[in-house]
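Trainee: Kindly generate the complete structure, drawing on both the sequences and the hints.
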Amino acid sequence: MRACLTRAMTTAVHPDRFFRYWLVAPAIFLLLAVGLFPLIYSLIVSFMRIDMMDTDTSFHGLYNYANLFKDARLWWSLAHTLLITAIALPIELLLGLAMAYLFLERMPGRQIFVALLVLPTIISPIVAGATWRLMFDNQYGPINQILSWFAGQRVNALWNIKPDLVYPAIIFCEIWQWTPFMFLILLAALSNVDKSQTEAAEIDGASFIRTFRYIVLPAIWPVMAIAILIRGLDLFRIFDIIWALTQGGPGTMTETISIYAYVQGFKQFETSYTAAIAFLVIFMLTIVVTWAIRRTGLAK
Amino acid sequence: MSDLKITGLHKHYGAFHAVKGIDLDVPSGEFTVLVGPSGCGKSTLLRCIAGLEETSAGTVEIGGKDVTWARPRDRDIAMVFQNYALYPYLNVKDNIAFGLRARKFGEAEVEKRVARAAEMLGIGHLLQRFPRELSGGQRQRVAIGRAIVRDAILYLFDEPLSNLDAQLRDDMRVEIKRLHKELKRTMVYVTHDQIEAMTLADRIVLLRDGVIEQLGTPLDLFERPRTRFVAGFLGSPKMNFLDATLSASGVILKDGTTLELPGRSGLKPGQAVILGLRPQHIAMAGASIAKGHMRVPVVIELVQPTGSRVQATMPLGGASIIAELGAHDVSRPGEKTSIDIDMTHAIIIDPATETVI
Amino acid sequence: MSTLPFHRRKDVRLAFRYLLALLLVIVFVFPVYWLFIISFKTPDEIFAFPPVWYPESIQFANYKVLFKDGDAATVGNSLILATVSTVFAMILGTIAAYSLVRFKTGGENLAVWIISQRMMPPVAIVFPVFLLYVWLGWVDSYTGLIVLYTAFSLPYVIWMMRGYIEDIPLELEESALVDGCTRWEVLWKVVLPMARSGLFATAVFTFIFAWNDFLFALVLTRTEVTTYTVQVTHYFGGQSNFWAKIAAMSVLGTIPVFITVAIMQRFLVRGISMGAVKG
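Protein chains in written order, with my numbering: chain V, 48 to 347; chain C, 3 to 359; chain S, 326 to 604.
Some hints could be false.
[Unchecked claim] Simulated pairs of lysine to any residue, SDA-like, Cα-Cα distance not exceeding 25 angstroms: (1) Lys314(V) to Lys429(S); (2) Lys429(S) to Trp338(V); (3) Lys570(S) to Leu166(V).
Source of the hints: derived by calculation from the structure; they are not laboratory data.
Mentor: Next comes the structure, spelled out in structure tokens:
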């Protein structure tokens, strides 16, 4: 503080009215580049007709958007995405909650258990997908081997190939990787519940369900809502895991919206069409996310 | 018939021995206060009675039934917590009714009981409000309401007034005393405040380091303390303690002052003791010296007025003592005057064992 | 005298909980274990049926191949990209967070917008960014990915540091101002040292995010700047996969993350949960 003191006595005081803006400027600039720019750019490009053959930059109006509605494969990819989300999210939530309750009370060595359980969440989703690709292999993967033990006979399940096995495989891998995330958040939330309230409920004679419904749930709901929001959005844009396991296959059976957009843009080079998809997705999500953020008071 | 009977209760927290063999018998309808300094084990004891902690050894009987291993909800008890523990997402009425509904009481019965409890506590107009809209005192009443609506055998209070400001505390104390008179139930009350203990208790259980230091009526403990700890704990301002030596008929203080102890026999001259004098038993020198009193000249050091009384600090016997004098008895520090000490209420303590002789 | 029923005894419950915990650990850790040991197995062991649960000996042959072929260098690429972008993101993000907290710059609207950027789907962003990079000549360059990772990490850094800065008592800064410091000095000399542990924790998770990224790297790199995540996918085949390489590459790419998390495990909850839970 000495240095500050001497300086203050010799220099004039700068108005730091603009200080705050200088601080946020670089960050906002970068964010605009990554957040706003793609939106505008996609919009512009989506009005053109640029694809593998042409580079027609004239204005074509809502041509691409009209095609969006007619595109069955797009809607199927949305359906696939929603299917995965609708199944995985509740399971991750309930399983995470159960695990949180398991570790809620003190137990020696809990730290180690938690650190181990978090492993799946910190590895790259590609690595997770690759890992399960190996696990699910028909001949050399341990999953079928373990199932064979239980079934008493050789199990030949083509997890990565057969249509009706592929979805369970993907969902299982996804749940495996992200349940610990839910678990951590819910564990922290449960730990913050006022213990004397649950004790009072205990003395009042409330059962576990009653206590959970009227006391615990309202208390952890803000945190739980945020967790559901984050996981829900992450599930919506799922890419890496599926890419590693099936690359959207067999055929387009496990193609989610992200994979479809990627394929359209970088395999089919349907530039304008992909731009339309990109714009639509960004636009939809911005509305949903902004509403959700304001609703849960995240920004406060 | 005793509503609460504790035998040989021990509680260990790992290596820490919080409660060391407590025996306690609380007759039906009595208001028992567990009091003591922090860490003495009073809250632990209460929680063991409630079943919120598992005992390490000993038994707990409530209403004649052995509940040592029973869950809290099966013990027929009600409890008021220090931080009220109200359910924030339920309104006052649902808070009070929570326990009844959990035990599947019919709505008609619930309404009746809630109304009665609300009336008793004067919170009938708050039933639709939520805890966050209430003041501290109101919340406390709701917490008490939640307890009394249950019609339990035993009511437990865990330092319920500690979070209230002084004025409110006084008011609530009266409320609780009145409540006990109306309900006539057995109540066990934990506090660290000796004033609460003195004013509320039928019997006081003074705890220290996990054991019962002394058990008895408030007056018992106040006038006939058995140890230095008990003597120093009750009474405000605290009792004065002076090192002294016994003489044939009294004590000799460090500064040579001799004080006669009336009505004592068998004193061993030369024995080192501690003399205990309550500030309330020291008065300004009056017209004449009453029987059993000793007059001593003093120089006033500090003066702390408390309204109708004054707490005066003065050196005596090599230490500083406090006397509770009348508001107009002394005016400034440095004043030279005399005091009359009521030696009939003085106590002498054996320094080695800290017990009162 | 009655005793506690069996199922309510504390030690029985604890044993049961340990059992469940152990089961969970097996389920969640076994696949990682499997990945690890494949990287140490010989080809015979990898393609053995029934599967070999525990290799005869630890073979480093698979790793040697990776290093010889130069594939292991992709880990180096990931390291450069992740480290540099983390540094930039931490600096820019922290000062922005400070502005948001102390001066309420931009009010709630700015905060909402910044957080919403965290939730943007990478695939929608990567496409126009790709087009831009083509025009800028930034495809397959370090600069391109570093800029992108930095920008994408900013919302997270701002969000987390906002929480940590809020925890610093205003009085400390005010007393520094009274002592004669400029606002800039207050930021560097008072705020940042106090937020040290928060800085550290946030940096680790920012690093991990960039380190584990796949989609951006897939789209925006070709041959010069391959990251380990993309490299792993190069070993996927139609019929047969280069299992040993997949495993070894994955392990190489995962160990740094394990190490950093092991060091930082105290901050695990707050880091992963984006500060959603206080403390």
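Trainee: All hints are to be evaluated individually against the structure, with a verdict given for each.
Mentor: Structure-based check of each hint:
1. Lys314(V) to Lys429(S): 45 angstroms, violated
2. Lys429(S) to Trp338(V): The hint holds at about 21 angstroms.
3. Lys570(S) to Leu166(V): 21 angstroms, holds
Of the numbered hints stated above, the single one contradicted by the structure is hint 1.
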